[in-house]
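One letter stands for each residue in the lines below.
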Amino acid sequence: MATALRRGRTWWAGSVLGRHLLVALLGLVVVVVVLESASDFRNLQLASMAYLGIAAGGLTVLTGLNGQISLGHGALMAIGAYTTALLLDDRDAGTPLPLVVLAAVAVTLLVGAVVGAAAARLHGPYLAGATLALAVAVPGIALYFKEQLGGEQGLRVVLPDIPTWVLDLAFFVTGQDLTRSRYVACLAWLTLIVTFVLLANLSRTRVGRRWRAVRDDEVAAELAGIRLGRARVSAFVVSAAAAGAAGAMMAITVRLAAPSGFTITLSLTLLTAVVLGGLGSLGGALLGAALLTFLPQVVTDLGVDAGLSDIQAAELAPLVYGLVMVVVVLVAPAGLVGTARTALLRRRLQRAGTGTSTSTSTDTAAPTSTSTTSKGTTT
Amino acid sequence: MRILCARTKVVPVTARGAARSAALSEVRLPPSTSAPGPPALELRGITVTFGGITALSDVDLAVTPGTVHGVIGPNGAGKTTLFNVACGFVVPERGAISRRGDRLERLHPHDLAGLGMARTLQGLGLFDRVTVLENVLVGADRHARTGFLGSLLGLPRAAREERELRERATDVLDRLEIGAYAARYPASLPYPVRKRVALARALAAEPDLLLLDEPASGLGAADMDELGDLVRGLVSDRAMSVMLVEHHMDLVMRVCDEITVLDFGRRIAHGTPDEVRHDPAVLAAYLGEEVD
Numbered sequence: 001m002a003t004a005l006r007r008g009r010t011w012w013a014g015s016v017l018g019r020h021l022l023v024a025l026l027g028l029v030v031v032v033v034v035l036e037s038a039s040d041f042r043n044l045q046l047a048s049m050a051y052l053g054i055a056a057g058g059l060t061v062l063t064g065l066n067g068q069i070s071l072g073h074g075a076l077m078a079i080g081a082y083t084t085a086l087l088l089d090d091r092d093a094g095t096p097l098p099l100v101v102l103a104a105v106a107v108t109l110l111v112g113a114v115v116g117a118a119a120a121r122l123h124g125p126y127l128a129g130a131t132l133a134l135a136v137a138v139p140g141i142a143l144y145f146k147e148q149l150g151g152e153q154g155l156r157v158v159l160p161d162i163p164t165w166v167l168d169l170a171f172f173v174t175g176q177d178l179t180r181s182r183y184v185a186c187l188a189w190l191t192l193i194v195t196f197v198l199l200a201n202l203s204r205t206r207v208g209r210r211w212r213a214v215r216d217d218e219v220a221a222e223l224a225g226i227r228l229g230r231a232r233v234s235a236f237v238v239s240a241a242a243a244g245a246a247g248a249m250m251a252i253t254v255r256l257a258a259p260s261g262f263t264i265t266l267s268l269t270l271l272t273a274v275v276l277g278g279l280g281s282l283g284g285a286l287l288g289a290a291l292l293t294f295l296p297q298v299v300t301d302l303g304v305d306a307g308l309s310d311i312q313a314a315e316l317a318p319l320v321y322g323l324v325m326v327v328v329v330l331v332a333p334a335g336l337v338g339t340a341r342t343a344l345l346r347r348r349l350q351r352a353g354t355g356t357s358t359s360t361s362t363d364t365a366a367p368t369s370t371s372t373t374s375k376g377t378t379t
Numbered sequence: 380m381r382i383l384c385a386r387t388k389v390v391p392v393t394a395r396g397a398a399r400s401a402a403l404s405e406v407r408l409p410p411s412t413s414a415p416g417p418p419a420l421e422l423r424g425i426t427v428t429f430g431g432i433t434a435l436s437d438v439d440l441a442v443t444p445g446t447v448h449g450v451i452g453p454n455g456a457g458k459t460t461l462f463n464v465a466c467g468f469v470v471p472e473r474g475a476i477s478r479r480g481d482r483l484e485r486l487h488p489h490d491l492a493g494l495g496m497a498r499t500l501q502g503l504g505l506f507d508r509v510t511v512l513e514n515v516l517v518g519a520d521r522h523a524r525t526g527f528l529g530s531l532l533g534l535p536r537a538a539r540e541e542r543e544l545r546e547r548a549t550d551v552l553d554r555l556e557i558g559a560y561a562a563r564y565p566a567s568l569p570y571p572v573r574k575r576v577a578l579a580r581a582l583a584a585e586p587d588l589l590l591l592d593e594p595a596s597g598l599g600a601a602d603m604d605e606l607g608d609l610v611r612g613l614v615s616d617r618a619m620s621v622m623l624v625e626h627h628m629d630l631v632m633r634v635c636d637e638i639t640v641l642d643f644g645r646r647i648a649h650g651t652p653d654e655v656r657h658d659p660a661v662l663a664a665y666l667g668e669e670v671d
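Chains as they are written, first to last, in the numbering used here: chain A, 1 to 379; chain B, 380 to 671.
To be clear, the hints were calculated from the coordinates, so they are not data collected in a lab.
Computed from a predicted structure; not experimentally measured.
Where hints are given, some of them may not hold.
[Stated by the list, open to error] To spell it out: a stretch of chain B is covered by chain A in this simulated footprint if at least three of its residues, at any positions, have a beta carbon under 8 Å from a beta carbon of chain A; those stretches are: (1) 502-509; (2) 513-527; (3) 530-536; (4) 607-615.
Don't be surprised by glycine CBs; every beta carbon is placed ideally from N, CA and C.
Same shape as in the complex, but just chain A (with noise of 0.2 Å):
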């Protein structure tokens, strides 16, 4: 591998941004010919598949590569998702949306690099409680401020009118006239390449080499010259970004900001999507919030096809995904991706080992590294 890296090869495939680029492109033509051929309800579906996606994402970084465990991040994406609500709130507001995202952004940047600052003195279960008071106390925050943030009914969310040069542009493409929900569910995963390419560069190159090495053995890194809070608050802010540009697509794809949409049960939720794609992969997070959107309204077709009443076949969702949650841990510990990438290290080092020296392949012992990943978590 080392050595392939060091040749170099053509220049996409040498330079780590070319390498993502090459894997976004791709991901923007899969998109839009999914989109093109879904109907308005999926193109709804799809779009909260990547709004979670993009929390999932920032989520995953912070768990996966920095170990720091987050339960606050619904409450982050509140913050985005209330930001994107001011913004919008009628149709004359006039703010470009991509100022409105940019915005929310920034907003959700300094409250985690607040929450971010204090997390970084804290470990394990304290982290997880100071950012469970986080998820607790945010949506508490709308319903105080009744007047300002619309209280139990939340703040609407006016989407402006689609530009003319989209509106061109998209016929142009496809042939047919862009609905509203297809363009809300194109802007949902225009966002998370966006965010998926950048948290990818961030994670091959230096600074997540540094999460890497800060979550694995602190002494060690610190003698390296990191500095483990910065280390720290900077992977917190990178994800409550990803949060907050995951909270503007949430307001925009559901046209509303409430607190009950961002109770306790979404932080949590994303934790679990993490935790069954895999810690750490940004395919892990993405493949999660699939299974997070999708699977419950399989599983609720199924029921009734097979003879359930609607509410219980509806009942049937949360309890299938926790058994799917439950059968992953046990069998798959490191996540889908995470043990699907295990396995496939593991056969490629047998065969070099076969190839090479002997003394290489009796040690093979891949998979007691990589299956700690599965009880990093905490620390």
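Starting from the known structure of chain A, arrange chain B on it as the hints suggest.
Frame of chain A, contents of chain B only:
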């Protein structure tokens, strides 16, 4: 940069002429031909107490540039505490730490890399969930200049630097003959190899002062011999200074130029291996007082 500054400062003192001083700033001279400058690391009058127990009392130690300085002593003598003082993990109650003549007021562990110092840990402290290569890359981190934005946007400059770092890390691995393990995870490797990975990580920073905390523990006789040669090689080929804490007397006697002996937190002897070997205080500390 720092190294050059310190060296050029020394030149007028050694008074070898202006032409020589220009050459000096370019080329590192082997330590034997130039006068030894200020100590690579100097600890003076170090006193550390832990809740009423005196771990170190008034200990002096100076690592001469380009030499191996051993710290030995029976269990509980304060060797590791002294090491931790040198690394900023323990703040001494009294005493001063200087690096090449510059007093270090408050030393933090994260300053070490920037000061050209690297330390290995007794417990290795490898990053278990990243590959061997990545471990060494973290060690080389002090050579990296990419900021957060460069990393975030994956700028070409960041990518180029990443390649340079990888080359540097791979070179260190090859030099320690563990290049074959670059893509492996530390936990899957035998202990002596892991030990080398830890050393490679420290060397990747290209320090000029290396602090080795029990580098031979857990090694067999053959590995220990190789380690000894390696340490001597670092000093002779790379003009490094080494400070090491070690239990294996034969290794210490073979490798060190100077030895400081601690017992109950005090320095009881100091000198060349031969001097220390025959010092009555050292014999007493290790073997007990002679009884008539």
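**Coverage of the segment 607-615 of chain B by chain A (three or more Cβ within 8 Å)** = violated (count 0)
**Request:** Examine the segment 513-527 of chain B: at least three residues should have C-beta closer than 8 Å to a C-beta of chain A.
**Result:** holds (count 9)
**Asked** Count the residues of the segment 530-536 of chain B with a beta-carbon closer than 8 Å to any beta-carbon of chain A: does the count reach three?
**Response** holds (count 6)
**Prompt:** Counting residues of the segment 502-509 of chain B that have a beta-carbon nearer than 8 Å to any beta-carbon of chain A, does the count reach 3?
**Reply:** Since 6 is at least three, the answer is holds.
Hint 4 from the earlier list is the only one contradicted by this structure; the remaining hints agree with it.
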